[in-house]
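Chains as they are written, first to last, in the working numbering: chain X, 1 to 132; chain H, 133 to 264.
These are computed hints drawn from the structure, not numbers from a lab. Here the structure is a predicted model, which is why all the values come from computation and not from measurement.
Subject to a maximum C-alpha distance of 25 Å in a straight line, what follows is the list of computed BS3-like cross-link-like pairs (lysine-lysine):
#1 X:72 / H:234
#2 X:103 / H:204
#3 H:138 / X:6
#4 X:102 / H:256
#5 X:107 / X:75
Number of protein chains: 2
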Amino acid sequence: MRLTDKTDYALRVLMYLNQEKRLVTLNELAETLGVSKNNLIKISNHLAKVNFIDTIRGRSGGLLIKEETGRKSLKDIVISTEESFNIAECFSGRRCECFFLKKCLLKKGLNEALNAFMESLAQKTLNDVTIR
Amino acid sequence: MRLTDKTDYALRVLMYLNQEKRLVTLNELAETLGVSKNNLIKISNHLAKVNFIDTIRGRSGGLLIKEETGRKSLKDIVISTEESFNIAECFSGRRCECFFLKKCLLKKGLNEALNAFMESLAQKTLNDVTIR
Chain X
1 MRLTDKTDYA
11 LRVLMYLNQE
21 KRLVTLNELA
31 ETLGVSKNNL
41 IKISNHLAKV
51 NFIDTIRGRS
61 GGLLIKEETG
71 RKSLKDIVIS
81 TEESFNIAEC
91 FSGRRCECFF
101 LKKCLLKKGL
111 NEALNAFMES
121 LAQKTLNDVT
131 IR
Chain H
133 MRLTDKTDYA
143 LRVLMYLNQE
153 KRLVTLNELA
163 ETLGVSKNNL
173 IKISNHLAKV
183 NFIDTIRGRS
193 GGLLIKEETG
203 RKSLKDIVIS
213 TEESFNIAEC
223 FSGRRCECFF
233 LKKCLLKKGL
243 NEALNAFMES
253 LAQKTLNDVT
263 IR
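Could you put together the complete structure from these sequences and hints?
Pasting the structure below:
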């Protein structure tokens with residue numbers, strides 16, 4: 001069981017930007033986090049789209065965290081980056097031939113566990129996991 | 133975020149065997165669960181190895197659940213089948229160049245969420261999710 005790399009990188013980018021509270025270049029991020037610039041471009045486009053950061057273009061450009069992003073929960077961030085929470089085949093909505101489809105007690109059990117996971121992430125904000 | 137197919141299939145095989153409480157052939161399982169015989173052979177070898185089921189070889193052979201397996205928790209089953217619980221890169225123990233490695237509050241947050249997930253699965257037994 002694993003979060004996607006997109007989520008992993010997004011969390012680290014936000015932690016670093018939230019720690020620095022200044023314009024940070026992609027080069028600095030790539031060096032600091034050990035993540036390729038190519039991946040960072042994709043992540044920063046996404047983070048700007050969901051309004052977690054501002055991006056400033058050009059030679060003296062970079063990424064800047066928005067003030068309110070520090071108060072976002074880890075759940076808010078993970079929900080914005082994970083493609084799906086289809087923890088098993090039958091969660092996907094695609095045709096599934098499983099015998100248990102019509103009455104499955106397991107699906108309910110897995111859903112409860114996933115809710116417990118997300119509820120735990122909802123208890124912590126980005127500020128809580130940022131080192132000052 | 134998703135469980136491996138191995139875990140998904142193992143849970144369904146155990147649910148069906150626990151419901152039937154009789155020798156079930158691989159052909160019947162393949163037809164009922166919509167899982168290939170090839171995958172079922174791998175899963176049943178694993179489930180026999182960890183003592184959840186007995187396998188009887190030969191023409192009139194098949195799979196039979198062990199009496200005590202119904203009292204196993206979903207956590208016990210998931211732990212036996214998931215390859216890893218490395219929810220992010222830094223959990224894997226492999227060399228990771230992350231800036232936050234030495235002091236990471238996120239890792240603690242993700243660990244707590246994973247524990248909440250497993251704790252929820254620990255509350256339900258195979259019997260609880262088996263339809264009678």
